[in-house]
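> Sequence:
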Amino acid sequence: MTVVDDYISEFPEQTQSIMQQMRTIIHQEAPGVKEKISYGMPTFFTNGNLVHFAGYKKHIGFYPAPSAISQFEDQLKEYKYAKGSVQFPLNQPIPYDLIRKMVQFRVKESDL
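Numbering (my numbering), first residue to last: 1 to 112.
The reader is advised that the hints may include incorrect statements.
[Unchecked claim] Calculated lysine-lysine pairs in the DSBU-like style (CA-CA distance at most 35 Å, straight line):
| # | residue 1 | residue 2 |
| --- | --- | --- |
| 1 | Lys83 | Lys101 |
| 2 | Lys108 | Lys34 |
| 3 | Lys83 | Lys34 |
| 4 | Lys58 | Lys34 |
| 5 | Lys83 | Lys36 |
| 6 | Lys101 | Lys34 |
| 7 | Lys36 | Lys77 |
| 8 | Lys80 | Lys57 |
| 9 | Lys34 | Lys77 |
| 10 | Lys58 | Lys101 |
| 11 | Lys80 | Lys108 |
| 12 | Lys108 | Lys83 |
| 13 | Lys58 | Lys77 |
| 14 | Lys83 | Lys58 |
| 15 | Lys57 | Lys83 |
| 16 | Lys108 | Lys57 |
| 17 | Lys108 | Lys77 |
| 18 | Lys77 | Lys101 |
| 19 | Lys80 | Lys101 |
Keep in mind the hints are simulated off the structure, nothing from the lab.
Produce the entire structure from the sequences given, and follow the hints as far as they go.
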């Protein structure tokens with residue numbers, strides 16, 4: 001088990017499933033991405049930090065950097081978001097397609 005596996009295993013099954021799906025998307029869109037725990041949460045990095053996510057009691061926090069939040073702001077209106085983060089409530093469908101697009105954006109941005 002990795003440190004990210006350990007982190008995910010501490011959450012209820014529903015939250016674990018969501019985080020594993022997000023993790024899969026990140027690895028699909030950023031082949032060769034590495035994982036670590038940074039800022040107390042799973043962090044995915046290549047040439048610097050790419051994205052982070054974290055589990056909470058009522059939501060998943062996704063941290064794709066301020067540039068991605070700004071780029072996809074029009075698609076985030078139904079969620080609580082800030083400069084570099086967005087909260088996906090656990091009682092609503094998780095927007096995996098949007099997460100995928102944000103990861104793709106960050107991959108392109110990190111390759112510049």
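> All the hints need checking, so say for each whether the structure fits it.
Here is what the structure says about each hint:
Proposed proximity of Lys83 and Lys101 is supported: the alpha carbons are some 18 Å apart, at most 35 Å. Proposed proximity of Lys108 and Lys34 is supported: the alpha carbons are some 16 Å apart, at most 35 Å. Our distance criterion of 35 Å between C-alpha atoms is met by Lys83 and Lys34, whose separation comes to about 24 Å. Under the criterion of a C-alpha separation no larger than 35 Å, the hint pairing Lys58 with Lys34 is consistent with the structure, at around 27 Å.
The hinted pair formed by Lys83 and Lys36 meets the criterion: a straight-line CA distance of about 23 Å does not exceed 35 Å. About 19 Å separates the Cα atoms of Lys101 and Lys34, which keeps this hinted pair within 35 Å; it holds. Distance restraint check for Lys36 and Lys77: the Cα-Cα separation of roughly 30 Å lies within the 35 Å cut-off, and the hinted pair is therefore satisfied. Between Lys80 and Lys57, the direct Cα distance comes to roughly 15 Å. Compliance with the 35 Å bound is thereby established for this hinted pair.
Using a Cα cut-off of 35 Å, the hinted pair Lys34 and Lys77 holds, with the two alpha carbons roughly 30 Å apart. Taken as a hint, the Lys58 and Lys101 pair is honoured in the structure, with Cα atoms around 23 Å apart against an allowance of 35 Å. With a C-alpha separation of about 25 Å, the suggested pairing of Lys80 with Lys108 holds against the 35 Å cut-off. In summary, the hint linking Lys108 to Lys83 is supported, as the alpha carbons are separated by about 20 Å, within the 35 Å threshold.
A distance of roughly 18 Å separates the Cα atoms of Lys58 and Lys77; the hinted pair therefore holds under the 35 Å criterion. For a cut-off of 35 Å, the pair hint linking Lys83 to Lys58 stands: about 20 Å separates their Cα positions. Between Lys57 and Lys83 the CA atoms are separated by roughly 22 Å; this keeps the pair inside 35 Å, and the hint holds. A threshold of 35 Å between alpha carbons decides the hint, and for Lys108 with Lys57 the separation of about 32 Å falls inside it, so the pair holds.
Of the supplied pair hints, the one linking Lys108 and Lys77 holds, its CA atoms being roughly 24 Å apart against a limit of 35 Å. Pair hint Lys77 plus Lys101 holds up; C-alpha atoms about 16 Å apart against a cutoff of 35 Å. Restraint check for Lys80 and Lys101: satisfied, since their Cα atoms lie roughly 18 Å apart, inside the 35 Å limit.
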